[in-house]
Amino acid sequence: MRRKIARHLIAITATVLLGGLVSAVLVRISPGFAIDENQLDPRLNAESLRALRASHSSEANILRFYAGYMNRAVHGDLGISHSLGQPVGRLLRDRVPVTGRLAAGGLALAWTFAFGLAAALAAVRISTCDVLAIVLSGILLCLPAAVMALLSVLWNAPASLAVALIVFPRVFTYSRNLLLNSYSLPHIVTARAKGLSKLRTLFWHVLPSCAPSLVAVGGISVNIALSAAIPVEALCGVAGVGSLAWQAAMARDLPLLVNVTVLVTLVTLLSDAGADVIGYVLSTREN
Amino acid sequence: MPRKLACLVLALVTAASLAASWLAPAGYATQFREAPNAPPSRRHLLGTDQVGRDLFSRTLYGTRISLLLAPAAALVATTLAAGIGGVAGFLGGVPERVAMSLTNLFLSLPWLFLLITIRALLPLNASPLASVLATFLMLGLLGWAASARVLCAGARALRTSELLLQARALGLHGPRLFAVHVISNLKPVLYAQFWISIPTFILSEANLGILGLGVPEPMPSWGTLLKELEGVTSLTEQPWKLAPLLVLIVVVTSFQLALSRQEVPL
Amino acid sequence: MLSSSALAESGSELRFCLHSEPKTFNPLLVADDAAETIRYLTGGVLVRVNRQTQELEPELALSWKVSKDGREVTFKLRKGLSFSDGTPFSADDVAYTMRLLMDPELHSPTGDAFRSGSGAVRSEVFAPDRVSITFPATVAGLDRLFDQVAILSAHSPKKEMAVLGPFMIADYKPGSTVLLKRNPNYWKTDSHGRRLPYLDSIRLDIQPNRDIELVRFKRGELDLINSLDSEYFDRVDATSPGLVHDAGPSLDSEQMWFNQVAAAPLPPYEREWFRSTNFRRAISQAINREDLSRIVFNGHARPALGPVSPANKFWYNSRMKADAFGRDASLARLAVEGFRLQDGILRDESGHRVEFSIITNSGNKYRERMAILIQHDLEEIGIKVNIVTLDFPSLIERITHSFNYEAALLGFTNVDLDPNTQMNVWLSSAENHQWNPREKSPETSWEAEIDKLMRAQASSRDPGKRKESFDRVQEIVVEQMPFIYLVNRDSLSAISASLQGTVPVILRPQTYWNADRLTVSAEAGTRGR
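Residue numbers (our numbering), protein chains in the order written: chain A, 1 to 287; chain B, 288 to 553; chain C, 554 to 1082.
Don't take each hint at face value.
Across the chosen pairs, the derived CB separations fall in these ranges [to be verified]:
1. A:Thr13 <-> B:Glu449: 50 to 60 Å
2. B:Ala456 <-> A:His187: 14 to 24 Å
3. B:Leu424 <-> C:Arg906: 25 to 35 Å
4. A:Arg72 <-> C:Glu658: 21 to 31 Å
5. B:Thr523 <-> A:Ala104: 28 to 38 Å
6. A:Thr13 <-> B:Pro526: 18 to 28 Å
7. C:Leu732 <-> A:Asp77: 23 to 33 Å
Derived, one-sided and incomplete: chain A residues facing chain C with beta-carbon distance under 8 Å [as the list claims (entries may be wrong)]:
8. Ile35
9. Asp41
10. Pro42
11. Arg43
12. Asn45
13. Gly85
14. Leu92
15. Arg95
16. Leu150
17. Leu154
Computed far set for chain C versus chain B, every beta-carbon distance over 10 Å [as the list claims (entries may be wrong)]:
18. Gln605
19. Gln607
20. Glu625
21. Gly639
22. Arg748
23. Ile912
24. Gly916
25. Lys918
26. Ala924
27. Gln928
28. Tyr958
29. Glu959
30. Val1031
31. Pro1062
Hints listed in this document are in silico derivations from the structure and should not be mistaken for laboratory results.
Glycine included, every Cβ here is placed at the ideal spot set by N, Cα and C.
Given only the sequences and the hints, what does the whole structure look like? Please build it.
Now the structure itself:
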């Protein structure tokens, strides 16, 4: 067991480090790297412009940059953001909780309604309600994220509602399809024919049979919520990691981008590992 | 009944978009400069946009690109997800672990920069078709990762299920077993992925416009039409501008309804 | 004048939005709009350009004198002033600020504006209230440049947080707000002897989205929008008349230009088009500027002709005439260069179809719409235009490094009235000479003439002579069209009824330039929190 955990940890660390490196490479090869908006400032003379360009020279060799970054990160220094001129560590410390709350609130809301609705619809099967639910999730899928964010501001609603509305149709669609599939499995059809109550069917038969996939949907919904946070934060004026990531991308802020990628990779891996553990516990209990 | 209606709607919208050159009262690029931002009238059924182009015509023409390419890209993404996630879960062991690590990595990387690089590699005077195809292809190639994880979990559960044990006992192995039993059992996730991807890709296409990718002006697409909604005024003061959104919702819902019945025999 | 009830009000707070994160609080390093706003509200300067009259007025300096050769300026300072933290202000602080500002390692945009020749800048303190600063060469418009120099304290332990302006930074939440509180030691008083500023605080919310800014303004959560989108102007006016103000054309211009760089990766025949004066002028004649201002800016912009906006009263050359607009006039000019229209397609002398792309920055809907109108206008003369929007870093890379573009559409913001700050645009050797930067020697005779005239105006102290030189520069630019000027946007703002004392002007900061005299009254408007 201990060995397994150790192996997992090594795999996670390796993936996270690889994620940081690949993101640094992606930024480095994209056009606009080491370009500063101020280069168009007519007041700056040739020497200042040269200095502006040279300010990114330490990042030109990406492997050397990354080695330096890891070396400093081990000592707790995550570097300084170019675009904001502040230590990345402090920026993340300030903003991770904000995004965490936003995403968690959005996820909780979305899951409660999406799963509740999907389970109820799968159990009762009233086709009008089914069509209505499909239309509702269709509407939410089609609304651009920016419109949702704008609506939440217009109606003075919390930003997490916008995140919830973005996550909702996705979770709903996956869970609805998974539940319906389970209901059509032969043993469940038999159980229902024998007159097993709806709740019992749901909890004893349907959920266990689609639990692994549902748990995996839970894992990816974290990613969906995080990517929804980018436009929502940017538009609603929430100072979280999402708006930070967007700003960093537009300014080609390498130190900040690498750290944000590392963070997102870590969250993705942990959500996946969490889903795995839950799936494992569920399957052993079932057995 | 809903399914037939949905198929009919899809057929109608497709036919209307194909017949855009006959149905549209004006070309998609014609500018009625004396009437920018006009409300609906007999002359302009859905009003005009900020530079005076007939929105009804633009919606019709925009359907062509979006209705054809978004489902195609969704198909690419779904196939990749099924291939990578499904196979990994089905095989288990080291291949699964490696595939899932890569999937997780894929989910976390800033692909924006890859798109920026691709724009830089395309010539500025690239034909609109090339730019549009490249955009949707990229969307398809980048959009598989999330559902691959769900598919992998589903396939993993199937691997040890009685169903597959029985199939194996009947002599089914390898690709055939995968195609016949695994994929058919993963259908609910595949349908979900396909359905969710269509509107997502339609909207993403417009967002890629900020990188110089996507459908170039003056060609319309649903994405670019919907992007104009991202202002307070269109939401509160010009509700007719929501028309393209309505069409998109109808089409996307029809897709789901059309798929929905096939997938679950009630 | 202000009512006594307004003056008696306490706890009054002005609220408006910054559109980006301020990149620095160091006034010497300010380069972006957000940081500029904070510098304007917190920094104390020796002299100030009155934003309404465009005249220079004394502030921390009681008087000043520029030497005949334009290399030296001597300031006589006010006595008995102190920084926000109580540290006394003296000539030492001016010398200290100038030493930091002119440090070549600092690369300050404000400092670079003073750099006219190589060599050190000397500051000499004669008395606690008298200081002179000597530059290695003549600096044109020297005294006006000090409008941008916020004086730092040489002795305060709080460094740049100790300020002489009406407000000081009290709190900063990155990504969210900057809170400014009134500076208790601010030196100015009103005519009744009451200490300025009237406001207790200013809350600056960091909000890049203009839609949300408008929603919050309408809700009464913001007191002003300093630069209102023209799209919203009429709508706000329709629902709440009297809150919006159009102060007329601003100094900012929107323009397009063709890539004339010799080493650019373009086919030789294209470079030949772009280097042809007649080609550029014909393009300019085919663009309907009236439509640009009417459709794209809802009438809140004026067709532009040359590099100086008519809003710049002193420097604008009013004798210039625009070429006649129209398809036929444009085609006639193109015919001179051998271009001909065949079956709706324009071809050059050797039969190449005239087609080019215009790049512009994404996210600016006005530029995108201008490009769409221009695309349509040029189609009328058989030219195929492809519009490509790019994110800003990619765009800058193309126009400053790879030169892999054909035409660009961008806007220039002019902060300063004086043409001397545009040296890096007009000199052929300059980096910001966008159409063909860093020329080793002027590649055309007209660029050589512009070089000569710009140097002449920079080395002269006689305003009349300087104006004569720069008038000619404007004429050459209009004749040669290296930049095709499109429109000058109007300076638009929205001001809530509860905010009093505002006089919107065209110079930045348009609405809060007299922030120390503004008041916010609770009863005049609903103030939601």
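Against the structure, the hints:
1. One distance hint, 50 to 60 Å for the beta-carbon pair Thr13 of chain A and Glu449 of chain B, is violated here, with the actual separation near 38 Å.
2. Between Ala456 of chain B and His187 of chain A the C-beta distance comes to about 18 Å, which sits within the given range of 14 to 24 Å.
3. A hinted range of 25 to 35 Å holds for the C-beta pair Leu424 of chain B and Arg906 of chain C, which are about 28 Å apart.
4. The hinted range of 21 to 31 Å is satisfied by Arg72 of chain A and Glu658 of chain C, whose Cβ atoms lie roughly 24 Å apart.
5. Against the hinted window of 28 to 38 Å, the Cβ-Cβ separation of Thr523 of chain B and Ala104 of chain A comes to about 31 Å, which satisfies the hint.
6. Under the hint 18 to 28 Å, the C-beta atoms of Thr13 of chain A and Pro526 of chain B, about 53 Å apart, miss the expected range.
7. The hint said 23 to 33 Å for the Cβ distance between Leu732 of chain C and Asp77 of chain A, and at roughly 29 Å that hint holds.
8. For Ile35 of chain A, the suggested interface contact is upheld, since its CB lies about 5 Å from the closest CB of chain C, less than 8 Å.
9. Annotation: interface hint on Asp41 of chain A holds; nearest CB of chain C at approximately 5 Å, less than 8 Å.
10. At its closest, the beta carbon of Pro42 of chain A sits 4 Å from a beta carbon of chain C; the interface hint therefore holds under the 8 Å criterion.
11. Satisfaction of the interface hint for Arg43 of chain A is found here, the shortest Cβ-Cβ separation to chain C being roughly 4 Å, below the 8 Å cut-off.
12. Using the Cβ-Cβ criterion of 8 Å, the hint placing Asn45 of chain A at the interface with chain C is satisfied: the shortest such distance is roughly 5 Å.
13. Hint status for Gly85 of chain A: holds, given a least beta-carbon distance of 6 Å to chain C, under 8 Å.
14. Because the closest C-beta pair between Leu92 of chain A and chain C is about 11 Å apart, greater than 8 Å, the hint is violated.
15. At about 7 Å, the closest approach between the beta carbon of Arg95 of chain A and any beta carbon in chain C falls short of 8 Å, and the interface hint on this residue holds.
16. At its closest, the beta carbon of Leu150 of chain A sits 6 Å from a beta carbon of chain C; the interface hint therefore holds under the 8 Å criterion.
17. Contact between Leu154 of chain A and chain C, as hinted, is supported at the beta carbon level, the nearest pair being about 6 Å apart and thus within 8 Å.
18. Non-interface call for Gln605 of chain C relative to chain B: holds, since the shortest CB-CB distance, roughly 32 Å, exceeds 10 Å.
19. Its beta-carbon lying about 34 Å from the closest one in chain B, Gln607 of chain C satisfies the requirement of being farther than 10 Å from that chain.
20. The claim that Glu625 of chain C lies off the interface holds: its Cβ sits roughly 50 Å from the closest Cβ of chain B, which is beyond the 10 Å cut-off.
21. Against chain B, the non-interface label of Gly639 of chain C holds: every CB pair exceeds 10 Å, the least being about 46 Å.
22. Here Arg748 of chain C stays apart from chain B, with its beta-carbon at least about 40 Å from theirs, past the 10 Å limit.
23. Not every beta carbon of chain B lies more than 10 Å from that of Ile912 of chain C, the smallest distance being close to 7 Å; the non-interface claim is violated.
24. Residue placement check: Gly916 of chain C does not keep its beta carbon more than 10 Å from all beta carbons of chain B (closest about 6 Å).
25. With a cut of 10 Å on Cβ distances, Lys918 of chain C falls inside the contact zone with chain B, its closest approach being about 8 Å.
26. The Cβ of Ala924 of chain C does not lie farther than 10 Å from every Cβ of chain B; its closest approach is about 7 Å, which violates its non-interface assignment.
27. The beta carbon of Gln928 of chain C sits about 7 Å from the closest Cβ of chain B, which is not more than 10 Å, so the claim that it is off the interface is violated.
28. Not every beta carbon of chain B lies more than 10 Å from that of Tyr958 of chain C, the smallest distance being close to 6 Å; the non-interface claim is violated.
29. Non-interface call for Glu959 of chain C relative to chain B: violated, since the shortest CB-CB distance, roughly 7 Å, does not exceed 10 Å.
30. Non-interface status of Val1031 of chain C relative to chain B is upheld: no Cβ of that chain comes within 10 Å, the nearest being about 26 Å off.
31. Even its closest Cβ contact with chain B, about 25 Å, leaves Pro1062 of chain C beyond 10 Å, as expected for a residue assigned away from the interface.
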